[in-house]
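Chains A and B, in that order, are what the protein sequence lines are.
Quick note on numbering: the first sequence equals residues 1 to 112 in the working numbering.
Quick note on numbering: the second sequence equals residues 1 to 111 in the working numbering.
Be aware that one or more of the hints could be misleading.
To be verified - Under 8 angstroms between C-beta atoms, here's a sample of chain B residues computed to sit facing chain A:
#1 Q31
#2 Y39
#3 S43
#4 P44
#5 T92
#6 F101
#7 K103
Stated by the list, open to error - Calculated pairs, BS3-like style, for lysine-lysine (alpha carbon to alpha carbon, straight line, at most 30 angstroms):
#8 K9(A) x K42(B)
#9 K9(A) x K70(A)
#10 K42(B) x K56(B)
#11 K57(A) x K71(A)
#12 K2(B) x K57(A)
#13 K9(A) x K71(A)
#14 K83(A) x K2(B)
#15 K103(B) x K57(A)
#16 K42(B) x K57(A)
#17 K83(A) x K103(B)
#18 K56(B) x K71(A)
#19 K14(A) x K57(A)
#20 K103(B) x K2(B)
#21 K2(B) x K71(A)
#22 K42(B) x K2(B)
#23 K70(A) x K42(B)
#24 K83(A) x K42(B)
#25 K67(B) x K57(A)
#26 K42(B) x K14(A)
#27 K9(A) x K103(B)
If you're looking for bench data, these hints aren't it; they were derived computationally from the structure.
In this text, a Cβ means the ideal position worked out from N, Cα and C, and glycines have one as well.
Below, each chain spelled out in residue letters.
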Amino acid sequence: DGGITQSPKYLFRKEGQNVTLSCEQNLNHDAMYWYRQDPGQGLRLIYYSQIVNDFQKGDIAEGYSVSREKKESFPLTVTSAQKNPTAFYLCASSIGSLETQYFGPGTRLLVL
Amino acid sequence: QKEVEQNSGPLSVPEGAIASLNCTYSDRGSQSFFWYRQYSGKSPELIMFIYSNGDKEDGRFTAQLNKASQYVSLLIRDSQPSDSATYLCAVTGGGADGLTFGKGTHLIIQP
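Whenever a hint applies, use it, and build me the whole structure from the sequences.
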């Protein structure tokens, strides 16, 4: 069953804590992306990666970090430097940068 | 900075009528155009994509692209209550930095 999985579905962060959101795909896609969605807002790009061991900052990268050690995986860490992390986080992948992006089910991050 | 503009709505359409959703974009270099549907609390799912000027039809959905006027639209024929959702317009440019999304139009199909 091909697709994109994200875990966990809900994540709670305590102040000062780093948390990591998982994103895995078995579509053999080269490109992967992380977006953040706030209520009433569109999706905003956090980080993207076109190939293993390479990634680029998006529009709102401050307070976030990523890695791309495997083609299938693109985890996102929300660091303590991100002061307003409460949002819906969406991972996506595509064959190439101009191709259709397919989304995972999302992770909702809440602050305790 | 690429911008994608959509009317946030809500857009209310009677069941069985045609729903028309519009989107304008700022970057003349944009090459690919996408419509996603997003139900409340869920992730976006692709409805259609279009690359060339003109119309593209897929079942009840028609995407229309006019690059000279920098707008793209989505028509939904025979609207159903299950079409009630937020519709996101997205465009790509010449770079590798993913999609630029509009804020979406909230569509309500009234039974």
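*asked:* Under the constraints set out in the numbered hints, which ones does this structure not fulfil?
replied: Numbers 2, 18 - these are the hints that the structure violates, sorted from lowest upward.
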